[in-house]
Amino acid sequence: GAGVSQSPSNKVTEKGKDVELRCDPISGHTALYWYRQSLGQGLEFLIYFQGNSAPDKSGLPSDRFSAERTGGSVSTLTIQRTQQEDSAVYLCASSNDRNYGYTFGSGTRLTVV
Amino acid sequence: AQSVTQLDSHVSVSEGTPVLLRCNYSSSYSPSLFWYVQHPNKGLQLLLKYTSAATLVKGINGFEAEFKKSETSFHLTKPSAHMSDAAEYFCVVSDQKMLTFGGGTRLMVKP
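Here the protein sequences line up with chains A and B, keeping their order. Okay, so the first sequence: first residue is 1 according to this note's numbering, each after it adds one. Okay, so the second sequence: first residue is 1001 according to this note's numbering, each after it adds one.
Check each hint, because a few of them may be wrong.
[Claimed, not checked] Dumping the calculated DSBU-like pairs for lysine-lysine here, alpha-carbon to alpha-carbon at most 35 Å:
| hint | chain 1 | residue 1 | chain 2 | residue 2 |
| --- | --- | --- | --- | --- |
| 1 | A | Lys-57 | B | Lys-1069 |
| 2 | B | Lys-1042 | A | Lys-57 |
| 3 | A | Lys-17 | B | Lys-1097 |
| 4 | A | Lys-11 | B | Lys-1069 |
| 5 | B | Lys-1068 | A | Lys-11 |
| 6 | B | Lys-1097 | A | Lys-11 |
| 7 | B | Lys-1097 | B | Lys-1058 |
| 8 | B | Lys-1042 | A | Lys-17 |
| 9 | B | Lys-1068 | A | Lys-57 |
| 10 | B | Lys-1069 | B | Lys-1097 |
| 11 | B | Lys-1097 | A | Lys-57 |
| 12 | A | Lys-57 | A | Lys-11 |
| 13 | A | Lys-15 | B | Lys-1097 |
| 14 | A | Lys-57 | B | Lys-1049 |
By construction, these hints were calculated from the structure, which means they are not laboratory data. All values reported here derive from a predicted model rather than from experimental measurement.
Turn these sequences into a full structure, and let the hints steer you where they fit.
What follows is the structure in structure tokens.
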């Protein structure tokens, strides 16, 4: 597609439930990032995928968070046993490293009640 | 390690007056630098980027930024503010792997 697509755009879930957030990057972009934007906070790095290399998971806040990227394309961020502090906008970005441009999706707004 | 400091969390200008949003960075590498804009309830939109070519970078909507290595700065400017410029602006540094965001500057434009 023309841009980075994220789904769902909004998700309300009960505390303790698992959620899956999806990111469909720009075709051909080898790099994919997940960030989290909390109310009143900046953007927090979560995880980075580059081609077939092992992902950089150094930003994941706890072992309840995991992500995978299948076939070098679509990525899924999974949050298990959600907590209220997980409420945030989760942003995905993809990049073609040759020009270092990063295109962001519109995000998934997660609300844990 | 790299970091970004946006020196003002809020900037207020009158419509038609110049805009200056300040950004200082630190990086162990020759970084790429970006400015993104986020309008309320919208995604992040790339305004402009510096990737070691011309130090004065022109972006969309009349914005430009100048990379000053000696001052480790990448300030964003616009000669004349428009009401539609009201948004949150993020300065971002990249070491070709990691994106590091500044804390953001909220620009308010008064009529």
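Going down the list of hints, with the structure as the test:
Distance hint between Lys-57(A) and Lys-1069(B) is fulfilled; the C-alpha atoms sit about 31 Å from each other, no more than 35 Å. Taken as a hint, the Lys-1042(B) and Lys-57(A) pair is honoured in the structure, with Cα atoms around 26 Å apart against an allowance of 35 Å. For a cut-off of 35 Å, the pair hint linking Lys-17(A) to Lys-1097(B) stands: about 32 Å separates their Cα positions. For a cut-off of 35 Å, the pair hint linking Lys-11(A) to Lys-1069(B) is broken: about 43 Å separates their Cα positions.
Taken as a hint, the Lys-1068(B) and Lys-11(A) pair is broken in the structure, with Cα atoms around 42 Å apart against an allowance of 35 Å. Taking the CA atoms of Lys-1097(B) and Lys-11(A), the gap is about 29 Å. The hint holds against a cut of 35 Å. Our distance criterion of 35 Å between C-alpha atoms is met by Lys-1097(B) and Lys-1058(B), whose separation comes to about 24 Å. Pair hint Lys-1042(B) plus Lys-17(A) holds up; C-alpha atoms about 27 Å apart against a cutoff of 35 Å.
This hinted pair checks out: Lys-1068(B) and Lys-57(A) have alpha carbons roughly 32 Å apart, not beyond 35 Å. Our distance criterion of 35 Å between C-alpha atoms is met by Lys-1069(B) and Lys-1097(B), whose separation comes to about 20 Å. For the proposed pair Lys-1097(B) and Lys-57(A), the alpha carbon gap of about 13 Å is at most 35 Å, so the pair holds. For the proposed pair Lys-57(A) and Lys-11(A), the alpha carbon gap of about 23 Å is at most 35 Å, so the pair holds.
Taking the CA atoms of Lys-15(A) and Lys-1097(B), the gap is near 34 Å; set against the 35 Å cutoff, the hint holds. Simply put, Lys-57(A) and Lys-1049(B) have alpha-carbon atoms about 26 Å apart, close enough for the 35 Å limit, and the pair holds.
Checked against the numbered hints given earlier, the structure breaks hints 4, 5 and satisfies all the rest.
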